[in-house]
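Number of protein chains: 2
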Amino acid sequence: MSNSDKSNPVCKIVVDAMGGDFAPRNAILGAIDAVKVDNSIRLLLVGRTDEIKGILSEINADTAYYKIIDAPDVIDMNENPVVALKSKPNSSIAVSAKLIAGGNADAFISAGNTGAVVASSTLLIGRIKGVERPTIGTFIPNQKGICTLFDVGAFVDSKPQHLLSYAVMANIYVKEIYGINSPTIGLLSVGEESEKGNKLTKDTTELLKKSNLNFVGNVEGRDILKGTTNIVICDGFIGNILLKFGESVPGLMKHLLTQHAKKSLFEKIKIGLFKNTLKEALRPLDYQGYGGVPLLGVKGVTIIGHGSSTPLAIKNMVLRAKEMHDKELVNKIAFSLNQSQEKITESKDE
Amino acid sequence: MSNSDKSNPVCKIVVDAMGGDFAPRNAILGAIDAVKVDNSIRLLLVGRTDEIKGILSEINADTAYYKIIDAPDVIDMNENPVVALKSKPNSSIAVSAKLIAGGNADAFISAGNTGAVVASSTLLIGRIKGVERPTIGTFIPNQKGICTLFDVGAFVDSKPQHLLSYAVMANIYVKEIYGINSPTIGLLSVGEESEKGNKLTKDTTELLKKSNLNFVGNVEGRDILKGTTNIVICDGFIGNILLKFGESVPGLMKHLLTQHAKKSLFEKIKIGLFKNTLKEALRPLDYQGYGGVPLLGVKGVTIIGHGSSTPLAIKNMVLRAKEMHDKELVNKIAFSLNQSQEKITESKDE
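Note that the protein sequences, when read in sequence, are chains A and B. If you read the first sequence in my numbering, its first letter stands for residue 131, the second for the next number, and so on. If you read the second sequence in my numbering, its first letter stands for residue 131, the second for the next number, and so on.
In isolation and in its complexed conformation, chain A is listed as follows (with noise of 0.2 Å):
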């Protein structure tokens, strides 16, 4: 899975250059930049070796930091992923998870086509044992912090043995990412008591009140702003619908600010007057500063980023991802799923 060792602590992340809607310039910017914060890092910067060196010379790379991979093709961001990874074994996706799957890097990171980066990762690279399907995870700012929101990768018509896989994931990513011991684990629901819920719901409680998570119950669509659990457990499809419902709240907001605006110059005064106390007073929502969103449950460390990600969230995903290279994250993970299983099993041998 990793050829670093740990008397030379290199950590080698592959970068998807051309991932992204300003790839390669933001993927670029941001990779080298995370380089200027730690130092033992080494990039590939996988693409269209021109292009990438165009960037290289803008800004005077330091050759020592990065290698680049020529992958010729690139997979749009609308294309249909499967298809397309067949289609085009040569593009910087494909390319870049054959370095993870070959051994020759630590982490991969993209910001272009999300479905793409999923199937490469986990035909590619491989599921851990007893992952089913990966997930992705995503953070939403609340009142107490943070919550993880698992699985938001639009997998959808999950079983509840995929929920608790998520749950075992999420836990240990959540656990040794911000350092929470035992962070509590709620199931999102239509009602706190247990009776309330689907199919789905209702079976998965069963699963996850016989694990070893310090699972709390249901929580509702209110919870996860109010940061009642530290991780939220859903279906992708819900998790999906929620996650770009919450990204279109700025708009609508902005959108009732540029209308009241409109009402008198006095208004219009005011609100541009307050606008940056209130970007500042919004910051933490702001997706930049947690760079891009992790996929577990594959044989190696995946990040996925926005499509319109910045060179600041490009290089926060670089760094996040070195962190979860240095913390084992993989291993832990197949660990827990392995110890989840046994505990499992025993309780239905009870």
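Derived by calculation from the structure, the hints in this document are not laboratory data. Remember, it's a predicted structure, so these values are computed and weren't measured experimentally. Treat the hints with care, since some could be wrong.
Which copy is meant is left open, because identical chains are indistinguishable; a pair holds if it fits in one copy or across any two.
Derived DSS-like pairs: lysine-lysine, alpha-carbon spacing no greater than 27 Å straight-line [said to hold, decoys possible]:
hint : residue 1 : residue 2
1    : K340      : K462
2    : K340      : K289
3    : K218      : K326
4    : K462      : K142
Given the coordinates of chain A, assemble chain B onto it according to the supplied hints.
For chain B alone, coordinates are given in the frame of chain A:
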């Protein structure tokens, strides 16, 4: 269903005086305010006579416009709806529903236990022919005005025919109440393409395509606030979670502004000065203007309010109930469901 005749346009509205966190005060103040706007309304105030009289005497309400119907029991907000309905036949909610069922009133509003209002309407007033499940819709303000989201009533594990009937009923509601002739209808999913979604959305798409509704296909979480369609249809599990998530957004905003104000006196003053502007700008988000949400699919007009309903919200609920009665929503929904059933049957025969 209704005992008003065309020559005498008086509309009798049953008000669950004991419903809501601030009952009976807010329920009565709001209902009396509605009569001041529309004096063709006659109120049947259902609840504990003494308590109701106490509030009425405070405000010197005109006795011509209301009647008190005694109901000594109250169903609490957190009681199990079906159990409570059985054990408390003299509760304000049960008595209210029976008034509609018996043809003694034209519409019913309550800010009480939502489940109990749904159960009493469904069991005592009864469902319209062809309705397996009634549906609760909500109004979500967005960049183009309002999106109506059905179902938010937490009816979970829906079947495709349930979602189709929600769409048929929502179509009539939006057409009649908002005067939109052929409202656009989107099915909430994880991608715009019809192949993106779960089993339920894929199967429902087939049904919606065969209907005579203005179905535009899948919409995503972000489309609700963008205002892509007039109506968004989803299973009650996700609708309920989205609704509660959305309701918790202002709380997070307030929290972030309060935190920011602590940074410096200057920021605190700026936020203080801006508070009212922000409040005014975000007024379209205030649920009070919408009052309550309709329960569609039962043989009577039922409007359900938030537990924390203010007198303004209750007033708007009463006025909306009157409008639904005047526009014969129940008959129109019954007619439309019948037509839709014929259309689906025809397309099966072809």
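Unmet hints by their number, sorted upward, for this structure: none
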